[in-house]
Amino acid sequence: MHKKILFPFSPGKSLNSGYAWAMQLAARMNAPLFFFTTVPANEKNKDQFLHHVHCSLLEAQGSYLQYTSQRRAPARTEPHIEQGDFTGSLSQFLKRIRFDIVVIDPQTSGLPKTSLKYVVENSNGVIVLPDHPENSYHSFSTSTKESEKKITESFYSVLHHSDLYKLQDNFFHTLGKDKGVFNYLRSLFEKKRRRSFT
Amino acid sequence: MILGAIKKLSDEQLIVHINDGDRRAFGELYSRYYKKVYHKSLSIIKDPDEAYDLAQETLIKAFNKLSTFRGESSFSTWLFIITHRHCLAALRKGKKGMALGNEPNLFPDSFACTGLEEVDQRFEKETIMYGLLNSLPDSEMQLLTLKYRDGESIAKLQTKLNLSSSAVKMRLKRSKEKLNALYALALTYGLDHVLTQL
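Same order as they appear, the protein sequences are chains F and G.
Going by the numbering used here, the first sequence wraps up at 181, each residue one higher than the last.
Going by the numbering used here, the second sequence wraps up at 192, each residue one higher than the last.
Mixed in with the good hints there might be a few duds.
[Stated by the list, open to error] Listed below are the simulated BS3-like cross-link pairs for lysine-lysine, each with C-alpha atoms no more than 25 Å apart in a straight line:
1) G:Lys29 / F:Lys29
2) F:Lys(-4) / G:Lys29
3) F:Lys27 / G:Lys40
4) F:Lys(-4) / G:Lys30
5) G:Lys167 / G:Lys154
6) F:Lys29 / G:Lys167
7) G:Lys170 / F:Lys27
8) G:Lys59 / F:Lys132
[What the hints assert, rightly or not] Negatives, chain G to chain F, calculated, CB over 12 Å:
9) Ser4
10) Arg17
11) Arg18
12) Ala19
13) Leu23
14) Arg64
15) Glu134
16) Asp144
17) Glu171
18) Gln191
Rather than coming from a laboratory, the hints here were simulated on the basis of the structure.
In this text the structure is predicted, and so the values were computed from the model without any measurement.
The C-beta atom is built at its ideal place from N, Cα and C for all residues, glycine as well.
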């Protein structure tokens, strides 16, 4: 059974960086990625707001596709857009659906720290990304093997600097099945081998 | 290439750079079109969530297949046709035999086909036709849709639109002729060109 990953984001925040990381995670784990956000209850032009949210997600997708390997199929995604206050609605949502991993990007979630406890309690695992992630996908100008390696490096660097809560033991086991990691490690071995010959 | 220079390139020039592995060119081309694809899907599907899903799929599909773009039409027309095709396929899947399945042909001669390639061509023609249909004034689009998609009789149209039988027939004739003329123009100069002239 596939694991379910959730990436909540506050409306109006730029979500490129956290989105890209969550998409990478979902693709590496072969898991569907769910997005959660809200339309404020007092929003007068709800349709317009909804279009804005959809366009923000499409924009973030473009940013992700730009610097990711075309050989890796993007994860399946599904947005959930509810009406009301973000924190309250997210709490209710997590009560209804239990996710295996919730990815929190402090820059886009807008969640107060006090609410994090609630998110952790109501999900099987939480990854809180670092405040200033180093995964600058924008520094890669080509999709060569070199950039693929850098993306893998940067993915694990972000994971290394993230706060992890309650992640199940099999999380790393699942990640370990990722072919990208194998290719990355193999390239490191090759580098080492070349070095030993010179 | 610096970002400022990339912004000045035409779509077709960007594609050449993308096929050479320039991911910034990819980002530029994507950012030019993701909103248009969303709004185009929305104009066909009408449901914002569904339109988002289809736009997302269309963008992934089209941008992963840029190497197959042969430049026989402008990039925007190519993308537009993929968007339409994808939306129509979704409509067919969702409303089998309702909205589009039992629709009489507006262009019976050109739609007569047997082989797979011809089916594909027919699909493209149909896509152009719906693109044009959506661009007609509401009254004309409604009339053609009621008659040819929903199969309403002249008598029913008379009652619905509060018009005489001859007025309904005359309006149908004019709308059909207008659509036919636009269709011929679109085949000659490209759908995008025709749509911008309307």
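Report holds if the minimum CB distance from Arg17 of chain G to chain F is greater than 12 Å, and violated otherwise.
-> Answer for Arg17 of chain G: violated, closest chain F Cβ roughly 5 Å.
Least C-beta distance from Ala19 of chain G to chain F larger than 12 Å | violated, 9 Å
CA of Lys167 of chain G to CA of Lys154 of chain G, is that 25 Å or under?
-> holds, 18 Å
Does the claim that Arg18 of chain G lies off the interface hold, with its Cβ farther than 12 Å from every Cβ of chain F?
-> Label violated. Min Cβ-Cβ 6 Å, cutoff 12 Å.
Status of the stated non-contact between Glu171 of chain G and chain F (beta carbon gap over 12 Å) = Correct as stated: the minimum Cβ-Cβ distance to chain F is 35 Å, above 12 Å.
Taking only the CA atoms, is the gap from Lys27 of chain F to Lys40 of chain G under or equal to 25 Å?
-> Within the cut-off at roughly 20 Å; holds.
Starting from Lys29 of chain G, check that the Cα of Lys29 of chain F is at most 25 Å away, please.
-> Given pair Lys29 of chain G, Lys29 of chain F holds - Cα atoms ~18 Å apart, limit 25 Å.
Does the no-contact call for Ser4 of chain G survive, Cβ to all of chain F over 12 Å?
-> holds, 19 Å
Restraint status (C-alpha distance of Lys(-4) of chain F to Lys30 of chain G at most 25 Å) | holds, 21 Å
Is the straight-line distance between the alpha-carbon of Lys(-4) of chain F and that of Lys29 of chain G 25 Å or less?
-> It holds: about 18 Å lies between the C-alpha atoms, which stays within 25 Å.
Mind checking the alpha carbons of Lys29 of chain F and Lys167 of chain G for me, to see if they're no more than 25 Å apart?
-> Roughly 39 Å between the alpha carbons, so the hint for Lys29 of chain F and Lys167 of chain G is violated.
Can we trust that Leu23 of chain G is non-interface, i.e. its beta-carbon lies farther than 12 Å from all of chain F?
-> violated, 9 Å
Consistency note: the structure conflicts with the earlier hints numbered 6, 7, 10, 11, 12, 13.
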